[in-house]
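*Asks:* Listed here are the chains, written in short residue letters.
Number of protein chains: 2
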Amino acid sequence: MRLPADGIGVCVTGKFRAAVRLCAAIGIASFALGHAQTADAPMLQVPARSVPVPTTVSPQMAKIVGAPLRANWNVLPKTGDEWKPVADAGAAATIKNIPGMTERLHVKVEKMVIDGVRAFVVTPEVIPPENRNRLLIHVHGGCYVLNPGEAALPEAMFMAGFGHFKVIAVDYRMPPEAYFPAALEDGLTVYKNAIKTIDSKNVAIFGSSAGGALTLEIILKARQDGLPLPGAIAPGTPMSDVTKVGDTFVTNAMLDNVLVSPDGFCDAGTKVYANGHDLKDPLLSPVYGDMKGFPPAILTSGTRDLLLSNTVRVHRKLREAGVDAVLQVFEGQSHAQFYRDDTAPEAKEAFEEIAAFFDKHLGK
Amino acid sequence: MRLPADGIGVCVTGKFRAAVRLCAAIGIASFALGHAQTADAPMLQVPARSVPVPTTVSPQMAKIVGAPLRANWNVLPKTGDEWKPVADAGAAATIKNIPGMTERLHVKVEKMVIDGVRAFVVTPEVIPPENRNRLLIHVHGGCYVLNPGEAALPEAMFMAGFGHFKVIAVDYRMPPEAYFPAALEDGLTVYKNAIKTIDSKNVAIFGSSAGGALTLEIILKARQDGLPLPGAIAPGTPMSDVTKVGDTFVTNAMLDNVLVSPDGFCDAGTKVYANGHDLKDPLLSPVYGDMKGFPPAILTSGTRDLLLSNTVRVHRKLREAGVDAVLQVFEGQSHAQFYRDDTAPEAKEAFEEIAAFFDKHLGK
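Chains as they are written, first to last, in the numbering used here: chain A, 420 to 783; chain B, 420 to 783.
Take these hints with a grain of salt, some might be off.
Not close to chain A: a few residues of chain B, all C-beta gaps over 10 Å, as computed [as the list claims (entries may be wrong)]: (1) Leu463; (2) Asp500; (3) Val532; (4) Asp534; (5) Pro548; (6) Lys611; (7) Asn612; (8) Gly665; (9) Ala672; (10) Lys699; (11) Arg723; (12) Arg732; (13) Glu739; (14) Glu750; (15) His780; (16) Gly782.
When the alpha-carbon atoms are kept at most 20 Å apart in a straight line, the in silico EDC-like pairs for lysine to aspartate or glutamate are as follows [stated by the list, open to error]: (17) A/Lys615 to A/Glu604; (18) A/Lys482 to A/Asp500; (19) B/Lys711 to A/Glu771; (20) A/Lys736 to B/Glu771; (21) A/Lys779 to B/Glu771; (22) A/Lys711 to B/Glu771; (23) A/Lys736 to B/Glu544.
Since the hints were derived computationally from the structure, they do not count as laboratory data.
A quick note: this is a predicted structure, and the numbers were derived from the prediction, not measured.
Each residue gets a CB set at the ideal place from its N, CA and C atoms; glycine is no exception.
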């Protein structure tokens with residue numbers, strides 16, 4: 420039984436009559452994305468629009484939200500070797516900001532190798548007593564091909580600085596050095612090493628984008644391997660479905676100024692990492708995994724995020740599995756913009772929320 | 420300090436170069452909404468698109484999500500007298516569904532008057548022992564002008580049926596019978612009556628759209644009047660900002676098939692109810708109210724919801740005020756579609772979540 424739209428009723432005399440009328444009136448041409456979700460179903464024709472920068476975000480966030488679409492979003496390297504110079508150039512730009520962040524966030528960074536895996540330990544100046552026996556493991560984002568070396572650090576530094584936890588940031592292997600499941604294996608190796616000396620319930624794993632997917636993938640694999648699970652996780656805007664299924668892949672395309680399109684650079688990077696492996700494998704698209712028994716989880720996204728659907732689908736799936744999972748969605752933000760500027764109040768807010776969630780759920 | 424977009428960098432050679440290039444290539448015309456948010460800021464040009472029905476929702480929800488835009492969304496009655504026939508016609512259509520819902524949801528409905536306010540008591544067939552000393556108060560949606568009489572009932576019936584609580588649905592006065600703050604006063608009257616005999620901590624208030632706003636408005640007013648506050652609230656996709664500020668008023672316009680546009684029927688209805696009162700008054704736009712000390716709150720929205728920003732802004736504001744507030748966002752849904760079909764699994768899920776939240780926070 421379907422209720423009519425309150426008091427107004429839906430179109431009954433023709434499919435999308437109102438939309439078509441409006442579209443005709445303003446003379447739009449339609450932008451059909453390459454991957455129809457249900458090819459035979461009726462399509463809603465949404466007209467083009469001029470979208471202003473929202474007034475409901477901080478001035479720092481307004482600059483980020485209002486930035487133009489990422490340049491070269493539709494340049495699609497096809498091999499690990501083609502990705503390497505792109506990743507190196509991006510990393511060089513990111514790394515320039517690390518010293519300033521170190522200072523503002525009051526953290527120190529040390530390089531190390533853990534059971535053969537490259538990593539960084541990020542330590543805040545002050546660790547409160549309740550966090551002294553706790554450890555966070557960070558898996559960075561970047562479509563499985565970007566952010567090598569110190570470029571892996573920003574989100575780990577935000578977390579250490581705003582949350583006052585010690586964080587190990589995993590500088591996992593990426594193409595062309597290694598392919599699926601190298602990133603997952605490296606994350607798991609660091610986790611296994613950590614729980615040799617720390618109760619797994621005192622450990623949390625977090626990361627965003629590919630790092631959000633890796634967080635979920637590590638839990639799936641750890642459970643499969645019979646390991647004790649961590650006390651909490653924070654998958655930020657996870658690339659939980661790399662088969663391009665999910666409504667906001669269409670509805671937020673060309674609006675999200677970071678990922679821009681489901682057919683853009685991030686898809687290209689993921690395919691290079693997957694290296695022919697089935698993209699629907701839950702170890703690449705964890706939304707298809709069984710989430711029963713997962714640790715408490717906090718998920719973060721934004722209203723313009725191309726992966727908002729990827730995020731809310733995981734949230735629903737966790738809740739359906741009975742997991743204590745909470746969701747925060749930030750106004751106006753595109754993909755993973757909550758860790759783009761450490762001076763933005765929204766960044767502090769997002770990581771303080773994650774820290775409070777960890778504090779609530781982790782052992783001491 | 421702003422980090423560059425990971426490894427790819429943002430446009431540096433021209434504002435919105437990629438977007439403009441794409442737009443030019445497909446020959447779009449731009450649809451500029453009437454209410455610029457920051458008139459002088461750069462605009463992102465988002466091209467027109469064909470949006471398929473998502474495959475990530477239930478078949479029942481796919482029908483609702485895939486329905487055409489609401490007919491007459493841009494017909495704008497200007498007075499209470501002009502609204503009345505529209506409201507009556509809509510109510511007649513909704514009321515036809517009540518008997519079937521009564522049966523499927525295993526609830527009974529009784530009409531009553533509480534301290535002069537028209538209301539209905541919705542009682543589930545089975546009330547578990549923990550809910551026997553609890554009461555929910557429902558304030559319906561409909562832009563403050565729609566859903567009179569039994570048309571007020573659907574959401575209250577979903578809640579009673581899926582959540583197994585006794586619910587009082589307030590059939591508050593609307594134009595042309597009465598104007599701001601009549602709806603709020605009637606809701607408050609029912610609440611005050613309830614807490615004469617039931618501990619306020621055993622009472623929850625809920626409702627969606629205008630009902631979500633009214634839920635928040637009742638709390639603001641109750642606190643102002645020095646009344647004890649309820650144990651929990653569930654503002655669903657609240658009309659928390661009727662000044663049309665909020666990013667998804669633009670980004671989800673012409674995509675949300677229920678409200679369709681910030682300049683549509685719902686805005687017209689609200690203005691008639693406001694009757695010249697300042698729309699930014701927190702008793703009409705509660706996002707501008709002080710939320711310190713608010714009861715625990717669960718908010719519900721959808722990824723296509725025109726009021727997604729209205730919802731997440733309230734969530735953030737509640738969290739900033741230290742309130743235990745949680746958010747659920749459903750894949751693909753437009754405004755308030757979680758209570759459109761009682762056979763949709765998403766409906767059961769949404770109300771079971773709200774019920775679990777109430778169970779956690781209400782006194783017994």
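*Asks:* Taking the hints in turn, state whether each one holds.
*Replies:* How the hints compare with the structure:
no., hint, verdict
1, Leu463, "4 Å, violated"
2, Asp500, "15 Å, holds"
3, Val532, "24 Å, holds"
4, Asp534, "27 Å, holds"
5, Pro548, "22 Å, holds"
6, Lys611, "28 Å, holds"
7, Asn612, "27 Å, holds"
8, Gly665, "6 Å, violated"
9, Ala672, "7 Å, violated"
10, Lys699, "13 Å, holds"
11, Arg723, "6 Å, violated"
12, Arg732, "6 Å, violated"
13, Glu739, "7 Å, violated"
14, Glu750, "6 Å, violated"
15, His780, "15 Å, holds"
16, Gly782, "22 Å, holds"
17, A/Lys615 to A/Glu604, "17 Å, holds"
18, A/Lys482 to A/Asp500, "33 Å, violated"
19, B/Lys711 to A/Glu771, "18 Å, holds"
20, A/Lys736 to B/Glu771, "14 Å, holds"
21, A/Lys779 to B/Glu771, "24 Å, violated"
22, A/Lys711 to B/Glu771, "18 Å, holds"
23, A/Lys736 to B/Glu544, "30 Å, violated"
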